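Can you make the complete structure from the sequences, with help from the hints?
Okay, here's what each chain looks like letter by letter:
2 protein chains.
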Amino acid sequence: MKVTVLVRPKQGILDPQGEAVLGSLRKLGFAVGGARVGRLVDLEVDEPTATEARAQVERMCQELLANPLIESFEIEVPSEPEATGT
Amino acid sequence: MKVTVLVRPKQGILDPQGEAVLGSLRKLGFAVGGARVGRLVDLEVDEPTATEARAQVERMCQELLANPLIESFEIEVPSEPEATGT
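So the protein sequences, as listed, match chains S and E. Just so you know, the numbering used here puts the end of the first sequence at 132, numbered straight through with nothing missing. Just so you know, the numbering used here puts the end of the second sequence at 132, numbered straight through with nothing missing.
What the hints contain is simulated information worked out from the structure, not anything from laboratory work. On a predicted model such as this, the values are computed, not experimentally measured, just so you know. Incorrect hints may appear among the rest.
One copy or any two copies: either way a pair holds, since identical chains are not told apart in the list.
Said to hold, decoys possible - In silico DMTMM-like links for lysine to aspartate or glutamate, alpha-carbon gap of 25 angstroms or less:
#: 1; residue 1: Lys-73; residue 2: Glu-117
#: 2; residue 1: Lys-73; residue 2: Glu-93
#: 3; residue 1: Lys-48; residue 2: Glu-109
#: 4; residue 1: Lys-48; residue 2: Asp-92
Given below as structure tokens:
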């Protein structure tokens, strides 16, 4: 199952890469109000259900993929069904 | 309007950052089949409609945000309506 993790600098955290992109876009003549740069990680995860895949990837984010002090993360799992009451 | 750009290394293009993430995740004990690392850019764009915002950001991608030789990009615009026949 393909899972995508989006990692963004938290609000208020300095983002020099975003500042550089913003400056360059403006120099090129684009009207841009702000730019923030984060990263994305596409993972191929071997879990039977979307719910388990999400839980597994959440652990990966906490242990390696994101720095919770300065970054927030979002996990995109394909077509996650509602949890059933089992 | 907030627009998000997702930039990924194209298939077949070497991704050393992804290889490093994959190796580290496996060392931590996670069963991962593959990992590819790209980047995301959140932009605050000053266009009246989603369609215009998308066109504007597509130009930004071609001119600055992505390297079309080795990267593909995807533009996420909030709730884009169908183009009307005007």
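Each hint, compared with the structure:
Taking CA atoms no more than 25 angstroms apart as the test, Lys-73 paired with Glu-117 passes between copies only; the shortest distance there is 23 angstroms, against 28 angstroms inside one copy. Proximity of Lys-73 and Glu-93 under a CA criterion of 25 angstroms is satisfied inter-copy only: 18 angstroms between copies versus 46 angstroms inside one chain copy. In this homomeric assembly, Lys-48 and Glu-109 come within 25 angstroms of each other (Cα to Cα) only inside a single copy, at 19 angstroms, whereas the closest approach across copies is 29 angstroms. Only within a single protomer do Lys-48 and Asp-92 lie at most 25 angstroms apart by alpha-carbon distance; the minimum there is 9 angstroms, versus 33 angstroms between protomers.
Of the numbered hints stated above, none is contradicted by the structure.
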